[in-house]
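Visitor: Generate coordinates for the entire structure from the input sequences, incorporating the hints supplied.
So the sequence lines, in the order shown, correspond to chains A and B. Heads up, the first sequence is in UniProt numbering, so the first residue is 1 and it goes up one at a time. Heads up, the second sequence is in UniProt numbering, so the first residue is 1 and it goes up one at a time.
These are calculated hints, taken from the structure and not from any lab test. Certain hints may be false.
[To be verified] 30 Å max Cα-Cα, derived DSS-like pairs, lysine-lysine: (1) B:Lys24 <-> A:Lys479; (2) B:Lys914 <-> A:Lys52; (3) B:Lys907 <-> A:Lys52; (4) B:Lys446 <-> B:Lys519; (5) A:Lys121 <-> B:Lys872; (6) B:Lys677 <-> A:Lys255; (7) B:Lys24 <-> A:Lys508; (8) B:Lys446 <-> B:Lys521; (9) B:Lys677 <-> A:Lys471; (10) B:Lys24 <-> A:Lys268; (11) B:Lys486 <-> B:Lys521; (12) B:Lys446 <-> A:Lys508; (13) A:Lys121 <-> B:Lys446; (14) B:Lys446 <-> A:Lys96; (15) A:Lys50 <-> B:Lys521.
Spelled out, the chains give:
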Amino acid sequence: MLTKGPLSCILAAVLLATPALSQNVRGVAPENVEQALYKVSGDTWTCLDKSKTIPASAINDDYCDCPDGSDEPGTSACPNGVFYCENKGHIPSYIKSYRVNDGVCDAECCDGSDESSGLIKCDNICKEVGIQYRKQKAELDAIVAAGATTKREWIAYGQTKEKENQIRKAQLEEEIAVLRKELEVLQKSEDAARSQEKEARNTYATLHGSSGSSKCPPCKTNCDAAQLKIGSLKNHIRNLQDEVDELLNLLHDMKRDHNQNYHDMAVKSAISGYDEFLVEYDNVKSERQEDVEDTQYEENLESVTEDITDGFSNEESEEDQDPKVKEAKQGKSNMISRVASLLVTKLEHILPAKVMQALPSYLSMDDAERLQQVVTDASNAVQNKHNDIDNKESELRTVNEQLDKDYGKDKEWMKLDQQCFEKDEGEYVYSICIFGHAHQKSNRDGANTSLGNFESFSGSSDANSPEYHSKQLYNHGAKCWNGPERSVKAVFECGSTTEILEVTEPEKCEYQFKMRSPAACSHIATKEEKESEARIVHQEL
Amino acid sequence: MPLRSWALACLAILSLFLLSEAVKKEDFKSCSQSAFCRRNRALADSASEQSNWQSPYTLVKDSIRFSNNFLTADVKNTATNNVLILELQVLVDNTVRVRMDEKSPLRQRYQDHAQFTLVDDAKPVKPFKSGKNTDGVVKITLDESGCRKVVVTPSPLRIDFLVNESPVVTLNDRGFFNFEHLRSKELHKPKMITQRNEDGSETEVEAEEEKDLWEETFRTWTDSKPNGPESIGMDISFHDFGHVYGIPEHASSLSLKETRGGEGAYTEPYRLYNTDVFEYEMDSPAALYGSIPFMLAHRKNESVGVFWMNPSETWIDIVKTAPESHATGVQKVFNMVKSTGQKKSTKTHWFSEAGVLDMFVFFGPSSKDVFRQYTKLTGKPAMPQSFAIAYHQCRWNYINQNDVREVDEQFDVHDIPYDVIWLDIEHNDGKRYFTWDEAKFPDPTKMQNELSQKGRKLVTIIDPHIKRDDDYYICKEAKDKNLFVKQPSGPDYEGWCWPGQSSWVDYTNPDARKWWADKFKLDNYKHSTEALYVWNDMNEPSVFNGPEITMPKDMVHHGGWEHRALHNVYGQIYHGSTADGLKERLAVQQRPFVLSRAFYAGSQRFGSIWTGDNMAQWDALQASMPMIMSVSVAGLPFAGADVGGFFNNPSHELLVRWYQAGAFQPFFRAHAHIDTKRREPWLAGEPYTDIIRNVVRERYALLPYWYNLFQEAHENGTPIMRPLVVEYPEDEAVFAMDDQFLVGGGILVKPVTEEGATQTNVYFPPSDIWYDLHTHDRVQGMASQVVPAPLDVVPAYYRGGHIVPRRERIRRSSHAMSLDPFTLVIALDANGEANGSLYLDDGKTFGYEKKEYLMAEFNFKHGVLTYSIQHKNPVFASSIASVRVERLVILGHPSASKAVATDGSGKRDLDVEKSKNGKLVVRDPAVLITENGWKIELA
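Guide: Below you can see the structure in the form of structure tokens.
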């Protein structure tokens, strides 16, 4: 049996000593230092906390005299004492005094020395327990060793990856800086090309009337199509709204009329879900209020587009109509032709007549298209550069994320990042992707429910404590209708491989995954260390 | 909306929703929705309104007979000419039984319930004197003391119960007696009344009371009522008794409230109809899970009781009247009734839907006498196994075997003792009782053996609804043997409960009871061991799709009796069958432990009950006290409430305060709904866990005292959680007190039930000296005073004059403490004296019935503690031969510098240690508990 806490210090002392006293005080380790504490000089003895001196005969007389319980190491008289079990053939241990003579053969006291009252007879089973213990310990050691070996590899992997990431980060940052400079240059050329092309187009437009008019028909088609689509989507929304209203009525009636004494969990869930939905729905409704305004805007837009297309058709039928009359008639709807005619008027004032005559030939459509091509090329070049930068930045983000992420004290968890494991528990298959998300999938209907996303390690409130990395919290999973959002606490113990051992739901919608993994192995025992440890164990026994 | 605030809003709405979701009143009948309640209340109204009202019932003078030690006489309803037979019997111990049935009924009226309710045949004894005068007035004197008499006045019929010539109880005092005779629908002539129409003409219409006589519809359910009206009503007056108690179960005060008119009165009568009420309401006369139609009445230094033996739906109206003058009835006839002073009287009106009138009046004269008299009839509270009175850990649900093991281990890790871990309905295979979900519980036997090694037990839930499934052996057998409750048309009744479509075993059938009990044999109940005990839930019976969440009244039981006639006793019979099964499952009979939710008179014979599905709210904690005490005064002392509250999550403060109250209540179990957060004691964290640990350990230290009290209750029916009025019958200040109580006679407890309180007001009955249970300081000052009560303190006090045995070595379970030495707390009274007792047996078997126990008394007087054994069984004594007294703690400033023990092995000087607060501790007298006559002298 393993002992913990302050007792193990005493134990350690015990292990180094050799038995000496023949008349040992019951419940005290049979070793000089310990027994010496109970050596009596004269007729009295002083409690170990020095609080009281009592007759020597009061030691182990089944009456508690010392406040620290030290006068009754061999009985149950003191509420705060401890009792020593020698456990020959196994490992000695201490048990709390209240377990002495309580009719229970304590596992910690395999020699049965704790039970002497006759309430129960406890056999000395230390030999068997010792064999069993050593066997289990050997198995455990093997697992721990295998786990530790894997963990060493994972640490190496993690640290290498970490270094690679740091290098890559520097590289990426440099590359991005270069790319950004290149981008600047390209953007300048694009701007230049664009303004040239614009100028040319404007000039051309002035001379040949609105360049838009010839391109209008396809635009009109698009608008018609869009309007059709808007119309059908609106219909669809109306239908959906009708269905939602009907379902809400059904739920409303169910809530009002259901018999809560049925204790039907499904109904209960549906009703609390309905109530929660209503809250959300109210919010949606208020947002919809804004949407309605949006819709009105949309309607304005519609009339605008209609005006535009009407304008176009007008233009087609009344090609020679004075743009000013048109402007007066159609208001702002006919901007392009208005601007174009204005420009032409202006140019007539500015440019000499000859130039005016020459312009049309210079600004042939071919030239315009050529210029357009230049702009497109420049713009593509900018876009490509942008893409390059985005890619690099995205990679940098990933690298940074990995660098920032808590992969454990020695980066031992990095190896498991995004690795997934599952466990079939009959009704559901549970899965977890480390640092990712956890799910349960129903074996009945295949429904997949999120149990949460990785939040943090959670083994302790103190991130520096060794337990901190033994548990992981996955939260904000799918909400239980009548409970919290689902969450998972993954509890790891040392193992030679990573696996889910057991999934339980100790509280509704709060799952516990009992897992094992090399990453959770507590220390790395090298072969040499292990050998020396084995020697100590051998000596103990 | 950001996720977080969205979640918060949801939470807020959700909690509103939960609050508003409490009891759906419309699921349950009010009096106005129950035809017989309406009729009887209408009768009371019209009788009260008419100054010249005369009850139509008269005794037929020449029919009066005294035979077989009792009186019989015909009683005629002069309005209908129907004739009843009255039987009046004097029973032993100041008890009188009054029965009335139809002389020649159309068919038998239901009386079989007596076999489930009464333990002895209640054979009448010959009264000391009986006779009648020429007017037909019958006078019966109970015994030679002559102070208790029954007087029957013939016309109108009136029965007075007199003490020292003053009536204490009167039947038909106000003329509400009503016995609806059975009739055939065909021959029934409806009562017609004249109705004046608007035009002045008159038409004959059926009177209001004719409504719903032959069929009654409540919401969507129609009760076919093939027998028509058959209710019985009687008014019972308690003259000059200002307080009445009992008639559980209601979430009401200990001293019952008025139900008709008056400030603070309820508008509905107290109702007795076993029902499964979801999130029941506080401060209400509405029916709950159990029904005991027993009422205790108290006035200064005098108590009387009434038991209305009827398991059909019953309502009770209560009014209190100003001081009355007794210038009527019996006084005129005998001219002998003395004035009874200027005190309030309590007038009650009882009516039941079916059966016969069969009631008992208990003369007391003290409440303890009444408890004895009542439990002599309906049975002694069962002597529990010793583990049953320790701490129980329950939750819906411990999910699997590992969960059970881990919870079990955590108790040890945190040094919190416990005796029993419970498994709710999720442990079964699809809510099929007696089965296990083997995926979750692969080896239940091993699980029980592990628990049992530490002296611990397992309780599994077993409910009376049986899943309709031919592959389920229980269903198959019950079907094949024809043991289910039937529909009027013949086939098995089916309803909806946890497992879905279910049927209910008809436990009124002796074959069903025997078959059921047999299912608990270890061979029959797969994976059960001796360490397994049982919890009976939903036995009102709860039927999710039935009227008022229970079985329709026209379903048919063994012998053709309608469910209507026996509804309230169904759960009790079921409880009894289960208890029988556990008793008989081993070669040597063992005391059963069965917790039941439904109960009726007599349930005390089978085990414990709890107050059902309460809420994790402060008012529910407050209500637990009057609720448990009301059940306790009705002969059922082994009761408790779910510690922490079943529904919702208690705050840590509420949880701690609830543990502090629960540790001093007879049945001590923590329980929680499946939707709640885990709340095992160690999860609260400090300081809460430590406070809970201390109070649970205090329960364990006091277990010997509790065991004494259970033995006393078993012997005499005395409540364990005792209202102050029981111990202080002369102190009017305590008659209605129900926020503090006594554990037995020796410990006063005032649990804190206010949120945030750091102090509380305690009433210390001034006739006694009180010592703080924790500090041992003597209480100084006023009778009523505010005491500090920070979170870690539950105000509790030893009562001067009492000796309380304790065991101070707190171990893992009560079993592990069974051979530990005793510490005696000797709390001295004003004369420096104290007394106490000790009862020990094997805590397990029925050996005590063969006198295999030890019973002894401690007496402290003039500085000497003496020990005298009343009974000692040598075999049992040898099993506890080593048990000694290890310490005396004497409170109340005894003067001594040493002590001397004298026993069979001679004299021994003992060390004493004195504290500033006047406490004296005598060190290890080492006197044996099995040795008679030792003494310890202070010197």
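Visitor: For a C-alpha distance cap of 30 Å, please report whether B:Lys677 and A:Lys471 respect it.
Guide: Distance ~20 Å between B:Lys677 and A:Lys471 Cα, so the pair holds.
Visitor: For the pair we were handed, B:Lys446 and A:Lys508, check the Cα-Cα distance against 30 Å.
Guide: holds, 27 Å
Visitor: Going straight from one Cα to the other, do B:Lys914 and A:Lys52 come out at no more than 30 Å?
Guide: holds, 16 Å
Visitor: Does the alpha-carbon distance linking B:Lys24 and A:Lys508 stay inside the 30 Å limit?
Guide: This hinted pair holds, its Cα atoms lying about 25 Å apart.
Visitor: Given the hint that B:Lys907 pairs with A:Lys52, does the C-alpha gap stay at or below 30 Å?
Guide: Status holds; Cα separation ~27 Å.
Visitor: Please work out if A:Lys121 and B:Lys446 have their alpha carbons no farther apart than 30 Å.
Guide: Holds - the C-alpha atoms of B:Lys446 and A:Lys121 are around 21 Å apart, at most 30 Å.
Visitor: Run the distance test for B:Lys24 versus A:Lys268: straight-line Cα separation, threshold 30 Å.
Guide: Holds, because 15 Å separates the two Cα atoms, which is no more than 30 Å.
Visitor: Does the structure keep A:Lys121 and B:Lys872 at a Cα separation of 30 Å or less?
Guide: This hinted pair holds, its Cα atoms lying about 27 Å apart.
Visitor: Would the hint linking B:Lys24 and A:Lys479 be met if the CA-CA limit is 30 Å?
Guide: holds, 28 Å
Visitor: Given the hinted pair A:Lys50 and B:Lys521, is their alpha-carbon gap at most 30 Å?
Guide: violated, 58 Å
Visitor: Are the Cα atoms of B:Lys446 and B:Lys519 separated by 30 Å or less?
Guide: Roughly 21 Å between the alpha carbons, so the hint for B:Lys446 and B:Lys519 holds.
Visitor: Measure nothing beyond the straight line between the CA atoms of B:Lys446 and B:Lys521; if it is 30 Å or shorter, mark the hint as holding.
Guide: Distance ~18 Å between B:Lys446 and B:Lys521 Cα, so the pair holds.
Hint compliance for this structure: hint 15 alone is broken.
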